[in-house]
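When you get a sec, could you build the whole thing from the sequences and use the hints?
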Amino acid sequence: RAAVEAGIVAGGGVTLFYAARALDNVKGANEDQQAGINLVKKALQAPVRQIAENAGMDGAVVVGKLMDSIDKNFGFNAQDMIYVDMIKSGIIDPTKVVRTALQNAASVASLIITAEAMIVDDTSDKEDSAMPRGGMGGMDF
Numbered sequence: 001r002a003a004v005e006a007g008i009v010a011g012g013g014v015t016l017f018y019a020a021r022a023l024d025n026v027k028g029a030n031e032d033q034q035a036g037i038n039l040v041k042k043a044l045q046a047p048v049r050q051i052a053e054n055a056g057m058d059g060a061v062v063v064g065k066l067m068d069s070i071d072k073n074f075g076f077n078a079q080d081m082i083y084v085d086m087i088k089s090g091i092i093d094p095t096k097v098v099r100t101a102l103q104n105a106a107s108v109a110s111l112i113i114t115a116e117a118m119i120v121d122d123t124s125d126k127e128d129s130a131m132p133r134g135g136m137g138g139m140d141f
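When the letters of the sequence shown are read in order and numbered with the UniProt record's numbering, they come out as residues 1 to 141.
Warning: the hint list may mix true and false statements.
Here are the simulated DSSO-like cross-link-like pairs (lysine-lysine), alpha carbons at most 30 Å apart as the crow flies [as the list claims (entries may be wrong)]:
1. K27 - K42
2. K88 - K72
3. K41 - K72
4. K65 - K42
5. K96 - K42
6. K41 - K88
7. K88 - K65
8. K96 - K65
9. K72 - K27
10. K42 - K88
11. K27 - K41
12. K65 - K27
13. K96 - K41
14. K72 - K42
15. K65 - K41
Bear in mind the hints are in silico, worked out from the structure with no lab data behind them.
See the structure below:
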C-alpha cells in the first residue's frame, strides 16, 4: 500500500547510502555542526554496511564499491552476493517507508540530544536467577 501511495526506491539501504552524497556539499557553520553532518552521513551508510556484514561480506568493501558508482540504483544483492541494479533486480523499498524511517530516526536523535536526562536499562548487574533470593528485605529486627 505504501508503494502505491508514494512510489518505490532502490532497496537494500542503497537509497539512504546515496542520499548521504547530498551532504558532501553541505558545510557546517562550526565544528559541532560539521560533526553532526558527518554523523548523519555515517548513519545513512549503516544499513548497506550492516546488510553486507550480515551476508558475511566486509561492509567496508561493499561501501567502497558503491562509492565508486555513479548509478544511484547500483547496490549489493546480499542473497546472490553480487552487485546489481537494485530496481531492475526487484530489490525495492516503498518510498514512504524509507522516508518515515529516516524522519523517525532524526526525531529520536533530536530527542536524545536535547534531553537533559535519559533512563536506560542497567545490564551490568543482571543475575541469571529468575526468582529473588530468600529472605524478606526490611523484615529483620
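For each hint, the structure was consulted:
The suggested pairing of K27 with K42 holds, with an alpha-carbon distance near 15 Å, which does not exceed 30 Å. The suggested pairing of K88 with K72 holds, with an alpha-carbon distance near 12 Å, which does not exceed 30 Å. Taking the CA atoms of K41 and K72, the gap is about 16 Å. The hint holds against a cut of 30 Å. Between K65 and K42 the CA atoms are separated by roughly 16 Å; this keeps the pair inside 30 Å, and the hint holds.
Taking the CA atoms of K96 and K42, the gap is near 22 Å; set against the 30 Å cutoff, the hint holds. Taking the CA atoms of K41 and K88, the gap is near 26 Å; set against the 30 Å cutoff, the hint holds. Annotation: proposed proximity of K88 to K65 holds, straight-line Cα distance about 19 Å (limit 30 Å). Our distance criterion of 30 Å between C-alpha atoms is met by K96 and K65, whose separation comes to about 27 Å.
For the suggested pair K72 and K27, the alpha carbons sit about 23 Å apart, so the restraint of at most 30 Å is met. Restraint check for K42 and K88: satisfied, since their Cα atoms lie roughly 27 Å apart, inside the 30 Å limit. Our distance criterion of 30 Å between C-alpha atoms is met by K27 and K41, whose separation comes to about 12 Å. Proposed proximity of K65 and K27 is supported: the alpha carbons are some 25 Å apart, at most 30 Å.
The hinted pair formed by K96 and K41 meets the criterion: a straight-line CA distance of about 20 Å does not exceed 30 Å. With a C-alpha separation of about 18 Å, the suggested pairing of K72 with K42 holds against the 30 Å cut-off. Of the pairs offered as hints, the one joining K65 and K41 holds, with about 17 Å between alpha carbons and a cut-off of 30 Å not exceeded.
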